[in-house]
Amino acid sequence: MSGCNINRLEPLNVAGESTVINFKFNSKKYRGYKGDTLASALIANKVDVVGRSFKFSRPRGIVGHWSEEPNAIVQVGSGAGTVPNLKATQVELYEGLEAKSVNGWPTVNFDFMSLVGVFEKLMPPGFYYKTFMYPGRFWMLYEKYIRKAAGLGKVPVDSDPDYYDKENHHCDILVVGSGPSGMIAALEAGLSGADVIIADDQSEMGGSLLYSNHSLEGKSGFNWAKLLENKISSLKNVTVINRCTVFGYYDHNFLTMIERCNDHISVTSKSGPRQKLHRVRAKRVILATGAFERPLVFANNDIPGVMIASSVSAYINRYKVLPGASLVLCTNNDYAYKTAIDWKSEGNNRITIVDTRRAVKSELINQAKALGIKIIYGHGVTEAKGKKRVQAALISPLSANGSELIGGSTEIVCDVIATSGGWSAAVHLNSQTGVKPVWNRNIISFTPGKTNETQVSIGACNGSFNLIDCIQEGSEAGALMSKNLGFGKGKPKEKIALDKSENEHPTQPIFCIPHQKPSIKGLKQFVDQQLDVTAGSIELAAKEGFESVEHVKRYTALGFGTDQGKLGNVNGMAILANALNKSIEETGTTMFRPAYTPTTFGAIAGRDVKVLFDPIRYTPMHEWHKKHTKEFENVGQWRRPWYFPKVSEGMEQAVARECLAVRNKVGILDASTLGKIDVKGKDALEFLNRVYTNDFTSLTPGRCRYGLMLKEDGMIFDDGVCACIDKNHYLIHTTTGGAANVLSWLEMWKQTEWPELEVFLTSVTDVWATATISGPESRKVISKICRDIDFSDDNFKFMHLKHGTVAGIEARIFRISFTGELSFEINVPSRYGLYIWSKLIDAGDEFGITPYGTEAMHVLRAEKGFIIVGQDTDGSMSPSDMGLSWIVKEGKKFSFLGERSLHRSDLLRSDRKQFVGLLSNDSKTHVPEGSQIVTSKKKKFPMKMEGHVTSSYAHGSLGYPIALAVVENGHQRLGETVFSPQADGSFVDLKIVSPVFYDSKGERSNV
Amino acid sequence: MLLIYCPYCKQYRDEEEFSYAGEAHIKRPQNPLAISDESWGNYLFFRKNPSDVHHEMWNHSSGCRQFFNVARDMITYEIKETYCISESPKIEKYKK
Ligand SMILES: [Zn+2]
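Taken in order, these protein sequences are the chains called A and B. For the first sequence, the working numbering begins at 54 and goes up steadily by one. For the second sequence, the working numbering begins at 1048 and goes up steadily by one.
Check before you lean on any hint, since a few could be wrong.
[Claimed, not checked] Cβ pair distances, simulated, as ranges:
1) A:Thr507 - B:Tyr1055: 52 to 60 Å
2) A:Ser415 - B:Asp1099: 16 to 24 Å
3) A:Gly641 - B:Cys1131: 38 to 46 Å
4) A:Asp927 - B:Cys1131: 44 to 52 Å
5) A:His604 - B:Asp1099: 24 to 32 Å
6) B:Asn1078 - A:Asp964: 44 to 52 Å
7) A:Asn781 - B:Asp1099: 53 to 61 Å
Simulated from the structure, these hints should not be mistaken for laboratory data. Treat the numbers as computed from the prediction; the structure is a model and nothing was measured. Every residue, glycine too, gets a C-beta built ideally from N, C-alpha and C.
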């Protein structure tokens, strides 16, 4: 292929072999080498424009070489496994890789939106606030339009074909970052015997040494790092994890990191999890996260070819790619001179260094001079020229402090403008622990704040930008942190023969090079390229009255892109401070929060998806249910049969049939899910009297009673039947969903308030399987298979329990009823549940026994006006509201939980919402649950809402719809007609009635 | 995520094994029916919200199921001590 790799200096050489890799970018074929990133391969192939900017649709090129990259945002792959919004600088090249720019339509080289210019007019700073706050409904319209045109990557429609893993770690020391300081720290900690993890987001260890051409101990930095890597890897107590981004730092040294296990491998040869979430609890944390080089801001600084100085070095040194033919390097510091020297070392002489400082002197500068590199002092690049590629730089002389231009401009022809505005320490993880970074004006960078965590920041992320300092700090921290944990003596073991630090000329505090025209009116000077935030827009925000950095960030969207302002934030703050005539310290800093870089949801979910998302609980009878219905309802974690339709039956017919079977013959329900707590101990009765509204003193063995529990505020918390099994032994039933909460609540009172009571609470929900047979024929059914109990009404009374043998199995039988019919609840040890169920079905066959599900159960209880806590109550209903004062026994020896609150003035109000029944006037209309109740059809909205529907059923045993509701002062309003407005504008006319629709005297359960 | 020492299990465990259970050392009035609405209201609804050390109850809900007390700095989330329900805090004055 012609024109391929025209910028490549020499084939990339990995482990002695160079492998050509074929890939596609925006549907065009290219070739790169093993070891390339997508970005380095694109630069090698002289692809200048890699995307279009979000707002202005300007052509954009590659700026950086790692996670700071704002422009080269790509979508990788296609179909279900496609990944949006990756940075080309972090995508390792593999055979067959296909990537597309996420923005630019129809192509990045010809962008429709830039011609129209619509975004520029549409989106001034703060445009979200100005344009979309009102009227709210227009947002939907705008959003669709903007997202389509601006392009933010496409989320795959199908479910993720990959899987993800999680791994928990506990270690002595976690070292974040395997640059020179992190590596040496990990080595020292490892040598001391501590259990160490070192993680880095690169594919190999070395950090900045992978990209630069320092020499250390007579070796190249790269080779020095490789030697160190070998030493570290040979230690059994050190775990090295590469391609792993530490993205979250939470309380008590808990850190989360994502390892990209096979994102760098071609789709056809992948195996194992795609990514892995490591959850690390570390006794000590050493942060060695490095620093980002800041670009200098100047006019048209977004034209492709404008790059970060150290990134230019990275492409030359690591990827053997020269990103252009002639370089203008603009800097305010010494470090960037390295880039010019790197460029020169490739035999290219077209270099001009433009230094904003005057009369500068240092060894590095002398080195550049000695190489014959042209240096212009006291100047800055004010403007880039060009369209889809830099063609020239305009430079002008600067005043001593860099704030003004003091002369006309000169044009220098070039195709790369590299800039360096100094370094910003990567203080993100330190800041995530809840501390604000501290501005250090000497090094012109934020440095880590004081944190409560047992951690230390070393090297560049600590503001030590000199390599020698980095290594020294790493060495000391590794030894010292280990000593704190009892490993070693705190003295570094590894001897490193370091050169003396080179002297440096101080960095000049300059962030934005002035232009002949003011920022607001002149050419665009980009601060945050990903979100098109300019110096002018920050100054405009300041003019409009925004003073806090946090507000300006949100108003302009500075730092809100996927790069999270790694390049732009400090420049933005400096420009804001300047516009407000304040110092950076005074303007204030922002905090960093997780995640450090965008993080895959799949990795956070791990294996906890689909069937493993939440445990599903099945009753012992589930095998039978599966054969007889497909309709299940989730109740908490339980999966319960909802109804059992016969062939060609819909839900309505099935539920009505099941209800009628219970009323007329006999039905059978799997009630195993009902919460059951075993209460034992010599103080069990006293304990129950304290937590229930009822008085259980008269409850003798063999008897049951419906009970109510309140919270201390007097509101209904749970209900259920309490049975006295024996002296000092009770079984209490809770609602299915409330079982765990009730147990925890009871435990709390027992443990914290009444430790003197001898009582033991045990959850026995799963111990028992419960089959409820209900209906007039239920006595005949149970009598057939339980011969050792006399089931006559005289012997086995309503609200009693008996022990007997059912089909050969010892059982507890409760004669209690939630349907209003004669009912028996047969409890057997779980393992016999399915067996007993089948035996009951067989025994009931001649009586027409009908299995019924949760829906019929709900309808039947509603017909009887029995409440369901959590459906008819909502945590603000008292016993009297629900018509349950009859089971509240006030004046017991010990004032039960909630009793005092029943006398609070708010609970004595006469206009409280009270529990009633509702019947539609036409006996046909079903009023939806949650509907509001009003007293007039004529008043204008919003009108006073006097109540709401809590339960409503269209079909049951009665032949007409019924509803339960809570209505203000409802108990006094029986017979009154009220109305329920519906979403379609209609009203349902309803009559307030007693909530007991059926057998109001309760005779049927008592036969 | 907090690392909490359960004084019953005598182990440091992750926060996800525990559940928060409100302010510690709130005594239920001896005779609720004899006290004023205001006193009862104070007991029911009013809770401390200090900007330094707060004493709170936690439940080792996925562990031993015991309730216990935690003295925690509400600014830094540093746990100063944990102790059993029947005990008083051992540290009287916490260092800042
Ligand atoms: Zn415990």
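Cross-check of the supplied hints:
| no. | hint | result |
| --- | --- | --- |
| 1 | A:Thr507 - B:Tyr1055: 52 to 60 Å | 26 Å, violated |
| 2 | A:Ser415 - B:Asp1099: 16 to 24 Å | 49 Å, violated |
| 3 | A:Gly641 - B:Cys1131: 38 to 46 Å | 44 Å, holds |
| 4 | A:Asp927 - B:Cys1131: 44 to 52 Å | 36 Å, violated |
| 5 | A:His604 - B:Asp1099: 24 to 32 Å | 29 Å, holds |
| 6 | B:Asn1078 - A:Asp964: 44 to 52 Å | 31 Å, violated |
| 7 | A:Asn781 - B:Asp1099: 53 to 61 Å | 46 Å, violated |
Of the numbered hints stated above, those contradicted by the structure are hints 1, 2, 4, 6 and 7, listed in ascending order.
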